[in-house]
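Q: Residue-level listing of the chains:
Protein chains: 2
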Amino acid sequence: MPSAENQQQLDIAAERAKCTFDPSQLTALFYGGEEKMKRFKAIEAMVDREPVFDRTDRYFLGRTERFKRALPMVKRYVELRNEHGLTPEEAAHFKVYIDDYIPVHLHESMFLPVLRSQASDEQLKVWGPHAENYHYIGCYAQTELGHGSALSRLETTATLDLATDQWVINSPTQSSAKFWIGTLGKMANHAVVQAKLIIKGKDYGSHPFLVPLRSLKDHTPLPGVVIKDQGPKQGAISMDNGYARFNHVRIPRTNMLMRFSQVSKEGVYSKPIHPKLAYGGMTAVRTTLINHSALSMARAVTIATRYSAVRRQGNVDLKTDLETQVLDYPAVQYRILPLLSHAFATIFSGYWMNEMYAQYNADITKGDTTLLKDVHVYSSGLKSYCTKLGADGIEEARRCLGGHGFSLFSGMIDFHRQFLATVTYEGENALLTQQVSRYLLKLYKDVIRKPDMHLSPPSRYIVSLVNHERFVQQRCPARSMAELYHPKIVLKAFQHRAARLIFELAQAEKQGAQWSDLNLECMRLSKAHVQYIMIENFHNGLEKRYNVSSNPTAEQEALLAAVRSVYNLHVFYTLETELAEFLEDGYFSPEQAAWTRQALKDSLKSVRPNAVGFADCFGFTDKFLNSALGSYDGRAYERMAEMTEYEPLNGKEMTDERGVVWGYEEFLKPLIFGEAGAYKARKPESKL
Amino acid sequence: MPSAENQQQLDIAAERAKCTFDPSQLTALFYGGEEKMKRFKAIEAMVDREPVFDRTDRYFLGRTERFKRALPMVKRYVELRNEHGLTPEEAAHFKVYIDDYIPVHLHESMFLPVLRSQASDEQLKVWGPHAENYHYIGCYAQTELGHGSALSRLETTATLDLATDQWVINSPTQSSAKFWIGTLGKMANHAVVQAKLIIKGKDYGSHPFLVPLRSLKDHTPLPGVVIKDQGPKQGAISMDNGYARFNHVRIPRTNMLMRFSQVSKEGVYSKPIHPKLAYGGMTAVRTTLINHSALSMARAVTIATRYSAVRRQGNVDLKTDLETQVLDYPAVQYRILPLLSHAFATIFSGYWMNEMYAQYNADITKGDTTLLKDVHVYSSGLKSYCTKLGADGIEEARRCLGGHGFSLFSGMIDFHRQFLATVTYEGENALLTQQVSRYLLKLYKDVIRKPDMHLSPPSRYIVSLVNHERFVQQRCPARSMAELYHPKIVLKAFQHRAARLIFELAQAEKQGAQWSDLNLECMRLSKAHVQYIMIENFHNGLEKRYNVSSNPTAEQEALLAAVRSVYNLHVFYTLETELAEFLEDGYFSPEQAAWTRQALKDSLKSVRPNAVGFADCFGFTDKFLNSALGSYDGRAYERMAEMTEYEPLNGKEMTDERGVVWGYEEFLKPLIFGEAGAYKARKPESKL
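Chains as they are written, first to last, in UniProt numbering: chain A, 1 to 688; chain B, 1 to 688.
Hints in this document: simulated from the structure, not taken from any laboratory. Any given hint could be a false lead.
Identical copies look the same in the list; a pair holds intra-copy or inter-copy alike.
[Stated by the list, open to error] Cut-off 25 angstroms, straight-line C-alpha distance, at most; resulting in silico cross-link-like pairs (DSS-like, lysine-lysine): (1) K68 to K652; (2) K652 to K669; (3) K669 to K125; (4) K18 to K605; (5) K601 to K488; (6) K388 to K601; (7) K680 to K125; (8) K38 to K680; (9) K319 to K202.
Let the hints inform the model, and build the full structure from the sequences given.
A: Encoded structure:
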């Protein structure tokens, strides 16, 4: 009988042998084609070769140490980017692969995009080169201690001093201090500050200003600026999210970002033609968060699946005397494999969103803003839904790994802590559902007035509400479990449910409910609509986007069949989770509900044999996963033991050469030798 | 208009003014009466006075620093316990209040109880005093790298050497190394080791042995024992969970714990009369985990409620120009207040479980083991359900606090990370559901054979399945939303659902399904049964346990009414979450489903005015909460800013007196001054 360690390697090899498709085909697809994959893999190898990016002992480091490691990474990242002339997309992959939020992250992800989109051409000509080449290191300072994204309630002021042609930037209260600003605490020498623009006592609302923070000569904070790091967080441990308070700091009038609004020397304010164009940035970031969610789910699934394939517990096979691979238990499948299906659905929805966003960006250069609303609504809805799927799903997968899932060596904790931020930033998830719902409600009202109006495909189902009498008689037509698998039947069911929730929201509003009292209805509706979109995208991605020729090869057939099993899992898991909403108006019968539960069980079973193949298909390297449990070779227990070698409590500073812990003489010996006093029952004179 | 800071204090005061009951009445109740509260509060004050327990800068410390702080805590804890003659219950409260898992935690929570229950009277006479007085510092070494709680698959062996009258303790493989053992890594000088007992080649299964680990003279590891700390974890940051591997370590034969099994000098093995009696320990720990869940939920609710009462965002009141307290939004209520209701339900269920366990312990001294099964099943089911409620609910409440919930200053993260362990240890939550379901299935089969058999109250509803024809015709009799509030109607609904799931599990088994294929059914059934128990306990606690005299005072009436609103919230939140299972067999009508959703909204509204009163009622001190957001006085923003003062990145070591960050010269300057090279597009000769 092989040792547990060897058995793990046999097990994972056996999993790969029984996989019915070639995972590397999907890897290339997910990397954006063979060519791009080659290039991205070269970048990964480059990072692996560079000592400053080494992550061997990352899990042992406290915040100060992580920050100290991050500074050399910043420099080396910029050097390598420049040396190899990386495209923005390649540089982005580089940063993802580093897998740590280096403290200039916000310079590239927020400061530069805001500058590019909101500074005038003239301003960009001056500032652009400084910013692109890191002479200016910048951050984007919007959030305040007392307010998140509500621009209208920010307290920081920018008051025009006509005499000097300057803005006076001021933080009147403690709650007006800028807070949560990444790259601000220690790194940035410039900030785009959102502040209330005030001219002659009149408040024109929040606008962006370029404010120097630190001397370009020696990095000392400029007069009137109090800046500091804001303290430890759930994630982003290496990032210097910061606090800044401005005491009447003066900047030139021309430091206001003037692409959309302008203020003249005379103090005349001109407003933007398209006020909403100024908010393109959040939409872009939300779109990337959808892709980031997919990546994070895929990462967790890779680790959880591989470990569950090599971890044997419970029922013993009498012939081999081996316990069962835990991945064979439905409870384990149910807690891990749906996350795989969500990762796929999110990837396909990310493609869809990326394309819509690209189209919108192309349109807008021609002055066509038709897609503005859709881009905003779908990036909001998908961001809200996918980040929650990820945040919850990764944690559930972690809990499914037994005790070892609680160790940082699992590789499931460090990145998840960071990921947890995504449910809050760029629009809090629950809040975003109001935007989606308001949009659907508006469409519904429009359609009722004008049933032949144009609707974009994802909201076309709303038409079914025009004849409400017929709508309420709709019933799911599936006459057997097999028919439930039919994509049309599923999509129709999700459309019906979302439409019903739109109608109910409209009714509630009609009956006088305040919008702010309809939060729960919005959360429910947005989720219903987005779940429909996700299934539609997954289905289209599978059937149309990668359209296999009419004569597919056996290899292509095998791949499609495998991915289709994942699609079915996504569908039935979602259906089962939301079953009440399909039952409560009678659209589903009790029998159909029972079929759904059975179809979910069957879907788990049919994904199971390919599970390790799917884990492999995302193409993560062992170095990136940084996981004792989820490495490619399956040697989980050996790696768990090996990683303890780096624990500082076992190092020289904390344990002497005889193996005795720091503090023994002072704190332990008195206990062991009874000097700390023996326990006696309470005496009446106890003063306690 | 007051500043945001002053407004926060006005807001929280206004909340307290409008509370309809006296929170201190509940505080006394939860502390176990006025007398006990006085004593416990004195212990809290004592801890607050002791510098070693100070937690001002706890959130900034890395693992090594936390461990270094924990050692003095260990010594001081023992000294104070001895000095004041604290009872075990008081010492337990002391440790809870320290709010850090000091690295001898497992000595008192596992080593001592196992010794007391599994060593023979004779052994206890020798070992007891050493262990009680910390001469022996012990741990309980069961879990191995390759196995969790499955005693039968542990690999460590204890082989009797008849010649020397010794056991030889050995770890044959890497995966047999003891792992996850709290207090082992650096602190313990003894362990109770679970090892396979082998005599003359015969394996008698796992048994406990007292194994010396480190010299009592100088704390050096004994020959043949490799021990180390096992590395960083999600929580328990100050705890030295450890790794130990034994290389043919010899201990006297009499170091086997012999209360239940014995081995004579001649190598004759005697088995225990009641084999299951040996496993009492886990049941006790599970029972305490129920109480621990309640405490943790209450803690999160306290912080989240207070902050949401002083946090104003969104809709503006035109008269006052104040934004809305976020606690007034249904989305916020929906994400925080149900956790309050779960905390109450868990407290009342904890009382119920504690009493059952005390009764069981009393019975057992008289040789009566009737309650063994119930104690095991209910501690398992409640542990599984309540720890999950807590783990998920605390995280949801944290996410509801906006960005500041992501800061460690929120006070929502450090304790939650530790709490997350509870879903895994002492029986993994999903696994435990099988035990509950197996028990219910067995009862069902018995009842079918013998309908007049005795059933304990919580499972009495199973009788309804005897006449199955009548059972399937059951429908919820509520004719209005008001009738849904009737406790009898609610309890009946939960009974019906659990009974149906028992029946379906039995059917699936009858039709040939393997038990291991029925995981999902077990998870569903166990949850259904436990949810019923929780509601029953909450209801009884409210109506019977604290039975108000027939002429209640106005104060008592007010309290009861307030708690009843929390009960309703718990009921309708649970009902709504599980709505599909009430609909899918037609027990609920679509109309009743709609009433449920409305009743949930109404329940949130009716708890809302007392929310801060309920947050206060748990009696947590500000020092314990250690939260910028949830302190009693509501000064959230000021405290957030104040706590940044302690951030080491702002300290001398990382930022010089001019305000310039460590590493500026080496890593930032080269970027700012362009020495790191400027970006150029990729050249063809790039080797990447």
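Q: All hints are to be evaluated individually against the structure, with a verdict given for each.
A: Going through the hints against the structure:
In this homomeric assembly, K68 and K652 come within 25 angstroms of each other (Cα to Cα) both inside a single copy, at 21 angstroms, and across copies, at 14 angstroms. Taking the shortest Cα distances, K652 and K669 sit within 25 angstroms of each other inside one copy (20 angstroms), while across copies they are farther apart (35 angstroms). Taking the shortest alpha-carbon separations for K669 and K125, only the inter-copy value of 23 angstroms comes in at or below 25 angstroms, while the best intra-copy value is 70 angstroms. Taking the shortest Cα distances, K18 and K605 sit within 25 angstroms of each other inside one copy (14 angstroms), while across copies they are farther apart (55 angstroms).
For the identical chains of this complex, K601 and K488 are intra-copy neighbours only, at 21 angstroms inside a copy versus 35 angstroms across copies, given an alpha-carbon limit of 25 angstroms. In the homo-oligomer, the alpha carbons of K388 and K601 lie at most 25 angstroms apart both inside one protomer (24 angstroms) and across protomers (23 angstroms), since each shortest distance falls under that limit. Within a single copy, K680 and K125 get their C-alpha atoms only as close as 80 angstroms, which misses the 25 angstroms cut-off; across copies the closest is 18 angstroms, which meets it. Taking the shortest Cα distances, K38 and K680 sit within 25 angstroms of each other only across copies (21 angstroms), while inside one copy they are farther apart (72 angstroms).
When the C-alpha separation of K319 and K202 is checked against a cutoff of 25 angstroms, the pair qualifies only between copies, where the shortest distance is 20 angstroms, while the shortest distance within a copy is 84 angstroms.
Against the hints set out earlier in the document, no violation occurs for any number.
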